[in-house]
Amino acid sequence: GAVVSQHPSRVICKSGTSVKIECRSLDFQATTMFWYRQFPKQSLMLMATSNEGSKATYEQGVEKDKFLINHASLTLSTLTVTSAHPEDSSFYICSARETSLVTQYFGPGTRLLVL
Amino acid sequence: QKEVEQNSGPLSVPEGAIASLNCTYSDRGSQSFFWYRQYSGKSPELIMFIYSNGDKEDGRFTAQLNKASQYVSLLIRDSQPSDSATYLCAVRVSGGYNKLIFGAGTRLAVHP
Numbered sequence: 001g002a003v004v005s006q007h008p009s010r011v012i013c014k015s016g017t018s019v020k021i022e023c024r025s026l027d028f029q030a031t032t033m034f035w036y037r038q039f040p041k042q043s044l045m046l047m048a049t050s051n052e053g054s055k056a057t058y059e060q061g062v063e064k065d066k067f068l069i070n071h072a073s074l075t076l077s078t079l080t081v082t083s084a085h086p087e088d089s090s091f092y093i094c095s096a097r098e099t100s101l102v103t104q105y106f107g108p109g110t111r112l113l114v115l
Numbered sequence: 001q002k003e004v005e006q007n008s009g010p011l012s013v014p015e016g017a018i019a020s021l022n023c024t025y026s027d028r029g030s031q032s033f034f035w036y037r038q039y040s041g042k043s044p045e046l047i048m049f050i051y052s053n054g055d056k057e058d059g060r061f062t063a064q065l066n067k068a069s070q071y072v073s074l075l076i077r078d079s080q081p082s083d084s085a086t087y088l089c090a091v092r093v094s095g096g097y098n099k100l101i102f103g104a105g106t107r108l109a110v111h112p
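If you're matching them up, the sequences are chains A and B in order.
According to our numbering, the first sequence is numbered sequentially starting from 1.
According to our numbering, the second sequence is numbered sequentially starting from 1.
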């Protein structure tokens, strides 16, 4: 089956620092990857759509300068949370869509805690 | 605003019973529908998808789609305590990039 990995699985950082999260599709090529955020007891909220070789498309209300997305290859997308603050603490989950298909497969998520 | 609505629950069913989870969506142009299961603290995992009106069965799971009523459901037969999780309904938005819009999820509790 389709496998998506994320690294790191958990990160604790100080307020004001930047954190990079990697999302990899391990056994398929993903033209499109998606980044979600989930706060406790809430549903998934799509932050942005990442397309290989082009700029990401951000959802309304998501600051593109704060959440930098790079999709440099067909198997890797990165999300960088710049100048993180405690309110950015959340569960960040990526998903990847195999190029020829519609179905999205999720990575295991990254739990970010900003102190 | 395209929306996906689910009853938040909890839906409590005894072990061995059928659990019925429901979802409605607002985008009449949607063509693809997905059910994901999410255990507490974990990321969602795909259970099944459905594109055509009617029923689609996979093991103990049956997805039902009625595009005229903009309604999709998931039936879980012979429910087990391990099925206790939050079930997320997702609808692919008509237009580019194959974005999914998720419902808030229904929490299912299967008690022995």
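These aren't lab readings, by the way, just hints derived from the structure by calculation.
Heads up, the beta-carbon is just placed ideally off N, CA and C, and yes, glycines get one too.
Each hint should be verified, as a subset may be incorrect.
Stated by the list, open to error - Mimicking DSS-like on lysine-lysine, the simulated pairs with C-alpha atoms at most 25 Å apart in a straight line are:
hint : chain 1 : residue 1 : chain 2 : residue 2
1    : A       : Lys-66    : A       : Lys-14
2    : A       : Lys-64    : A       : Lys-14
3    : B       : Lys-67    : B       : Lys-99
4    : A       : Lys-66    : B       : Lys-67
5    : B       : Lys-99    : B       : Lys-42
6    : A       : Lys-41    : B       : Lys-56
7    : A       : Lys-14    : A       : Lys-55
8    : A       : Lys-20    : A       : Lys-55
9    : B       : Lys-56    : B       : Lys-99
10   : B       : Lys-56    : A       : Lys-55
11   : B       : Lys-67    : B       : Lys-56
12   : A       : Lys-55    : A       : Lys-41
13   : B       : Lys-67    : A       : Lys-41
14   : B       : Lys-42    : A       : Lys-20
15   : A       : Lys-64    : B       : Lys-99
16   : A       : Lys-64    : B       : Lys-67
17   : A       : Lys-20    : B       : Lys-99
18   : A       : Lys-55    : B       : Lys-99
19   : B       : Lys-2     : B       : Lys-67
20   : A       : Lys-20    : A       : Lys-66
21   : B       : Lys-2     : A       : Lys-55
22   : B       : Lys-2     : B       : Lys-99
As the list claims (entries may be wrong) - The following label-pair restraints were derived from C-beta to C-beta distances:
hint : chain 1 : residue 1 : chain 2 : residue 2 : range
23   : A       : Pro-40    : B       : Gln-31    : 26 to 34 Å
24   : B       : Glu-3     : A       : His-85    : 42 to 50 Å
25   : B       : Pro-14    : A       : Ile-12    : 22 to 30 Å
26   : A       : Asn-70    : B       : Ser-20    : 28 to 36 Å
27   : A       : Ser-18    : B       : Leu-75    : 26 to 34 Å
28   : B       : Asp-78    : A       : Leu-101   : 41 to 49 Å
29   : A       : Ser-5     : B       : Gly-59    : 45 to 53 Å
30   : B       : Lys-2     : A       : Pro-8     : 47 to 55 Å
31   : B       : Gly-54    : A       : Leu-26    : 42 to 50 Å
32   : B       : Asn-22    : A       : Val-102   : 21 to 29 Å
33   : B       : Arg-77    : A       : Pro-8     : 20 to 28 Å
Between B:Asp-78 and A:Leu-101, does the C-beta distance stay in 41 to 49 Å? violated, 30 Å
Proposed proximity, B:Lys-67 with A:Lys-66 (alpha carbon, max 25 Å): Roughly 39 Å between the alpha carbons, so the hint for A:Lys-66 and B:Lys-67 is violated.
Verdict for A:Pro-40, B:Gln-31 (Cβ pair) under range 26 to 34 Å: Given about 32 Å between the Cβ atoms, the range holds.
Is the Cα-Cα distance between A:Lys-66 and A:Lys-14 25 Å or less? holds, 16 Å
CA of B:Lys-56 to CA of B:Lys-99, is that 25 Å or under? holds, 22 Å
Between A:Lys-55 and B:Lys-99, does the CA-CA distance stay at or below 25 Å? At roughly 16 Å apart (the allowed maximum being 25 Å), B:Lys-99 and A:Lys-55 satisfy the hint.
Has the given pair, A:Lys-55 with A:Lys-41, been kept, meaning a C-alpha gap of at most 25 Å? violated, 31 Å
Check whether the Cα positions of A:Lys-20 and A:Lys-66 lie no farther apart than 25 Å. holds, 12 Å
Hint says 20 to 28 Å; check whether the CB-CB distance for B:Arg-77 and A:Pro-8 agrees. violated, 39 Å
Pair hint B:Lys-67 and B:Lys-99, alpha-carbon separation not exceeding 25 Å: holds, 19 Å
For the pair supplied as a hint, B:Lys-2 and B:Lys-99, is the alpha-carbon distance within the 25 Å limit? At roughly 11 Å apart (the allowed maximum being 25 Å), B:Lys-99 and B:Lys-2 satisfy the hint.
Pair hint outcome, A:Lys-64 versus B:Lys-67 [Cα-Cα no greater than 25 Å]: Roughly 35 Å separates the two Cα atoms, so the pair is violated.
Of the numbered hints given earlier, the model fails hints 4, 6, 7, 10, 12, 13, 16, 24, 25, 26, 27, 28, 29, 30, 31 and 33; all others are met.
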